[in-house]
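Chains as they are written, first to last, in this note's numbering: chain D, 1 to 237; chain C, 1 to 218.
Listed next, the in silico DSS-like pairs over lysine-lysine satisfying Cα-Cα at most 27 Å (straight line):
no., chain 1, residue 1, chain 2, residue 2
1, D, Lys-193, D, Lys-220
2, C, Lys-150, C, Lys-129
3, D, Lys-3, D, Lys-192
4, D, Lys-126, D, Lys-192
5, D, Lys-10, D, Lys-76
6, C, Lys-86, C, Lys-96
7, C, Lys-129, C, Lys-205
8, D, Lys-220, D, Lys-3
9, D, Lys-126, C, Lys-150
10, D, Lys-189, D, Lys-128
11, D, Lys-126, C, Lys-129
12, D, Lys-193, D, Lys-127
13, D, Lys-3, D, Lys-189
14, D, Lys-119, C, Lys-205
15, D, Lys-82, C, Lys-206
16, C, Lys-86, C, Lys-73
17, C, Lys-206, D, Lys-119
18, C, Lys-59, C, Lys-21
19, C, Lys-129, C, Lys-206
20, D, Lys-119, C, Lys-150
21, C, Lys-205, D, Lys-82
22, C, Lys-129, D, Lys-82
23, C, Lys-150, C, Lys-206
24, C, Lys-77, C, Lys-91
25, D, Lys-10, D, Lys-192
26, C, Lys-91, C, Lys-176
27, C, Lys-129, D, Lys-119
In short, the hints are calculated from the structure, not lab data.
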Amino acid sequence: MSKQSAIKVKNLIKNFGKEENLVKVIENASFEIQKGEVVALIAPSGAGKTTLLMMIGCVLEPTSGEIWLGEEMVYKDKWIAKDTRRIRREKIGFIFQAHYLIPFLNVIENITLLPQANKVSEAEAKKKAMELLEYLEIADKAYNMSSQLSGGQNQRVAIARALANNPEIILADEPTAALDGERSVSVIKMLKKIAREQNVAIITVTHDERILPYCDRIMKIQNRSIVFHEIDEDEVV
Amino acid sequence: MGITHNTVSNGGDPLVYISLKDAQELQFLYSNKEIQNNIARGVQNSESFLVNTIVTTVKSGYNIDEVARDIRKWQHKSVYTAAQQKEILTKNLIEKSSKQIGLFTVILVVVSTIIIALIIYTMTLEKMKEIAIMKLMGLPNSLIISMIVKETLLLGVFAFVFGNIFSHLVYDKFPKLVVLQIPDAWTLFGVVIIASILASFVGVKKVISADPAAAIGG
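Here chain D stands alone, though its shape is the one from the complex (with noise of 0.2 Å):
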């Protein structure tokens, strides 16, 4: 595994409120995760999993600290990167927990949409797309509608809209909190698989305990800190 840095957070704090109504959410976060890694965030509700990953997408802005993307530093003490939204398009792939493809465009089309966006071209983006429909094996689908395919189906196409853009990191918010346990399992490997062979950096919010033991690390938001847990490999069933 390649041992690129591909989120690097420093001191990061993260308050809501003001004097007698601060709520400290995040406090004194410092961590590393490289490329190729899939790392599950867990912590109880309101412990600020959300405020975490919108942090690092560039949605949320910290109160103080430091967040790198990549080789970009994209936050000290404020934003760094002049515009935000460019960093999640370029940088970022978004997986949520049910597919949220745009119901009035085929696979295709929601799968090119954002290279679009980032200016390739309309037959590089399809070519590309073609390519990741074929290596989630849903190619044959790509002309239908989401309406048409199942959950699990669409789940696929929701992650190869994740990856059209060559991100370097993944973040997932609960993936597989539509699925039933086989095709948890089956995501979460083909996450794994897609982390190792395109070197993307995936961090994946979850409350499904059957797939923990598929990520390399257990991430833990612990009394507003992070606390790290390693998976051993001889855990995966």
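Based on these hints, arrange chain C on the given structure of chain D.
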């Protein structure tokens, strides 16, 4: 004399051209109330000597307004010059009717615009999660807004096409003649496009205010 095509009176009724003699016969022999009353009373061959209009031509060298002013001094007579008659017809009848219909059209267009805007607003609200996801993925506002505007335009064009088909199916069922002209249809198409773009503004405003953070979590 004969049937006229695409010509109606200022009230929208069919129009027929006949000679003055026939017109007078029609008016005084067949439709005059006095004659009708006499016929009802059994009086035959009654005639009416009423004259309602005299058309005169002023010889050159005379001022038409002065002649009209002199005649107005006579009792029980009203005088209108050709220019005044034209003004009465166009200003008082055709122009007022035109303004009336125009105002109705404006009201209908405004109501239609509001309805399209409400439909687009509702459709946009239903798609807020998808819009938040598109913003989260980094898609520029311009791309998302163009989708909303295209959707609204499509709605407007569909409404225009179906409205036109419907109009062509029912226009001859109207009690008065309705003339559908192609230039009017193009003007309406332009109005529909402008109204659709205006209606899409409510959806666009909603897109701009969508929070990408709404895509993550619950």
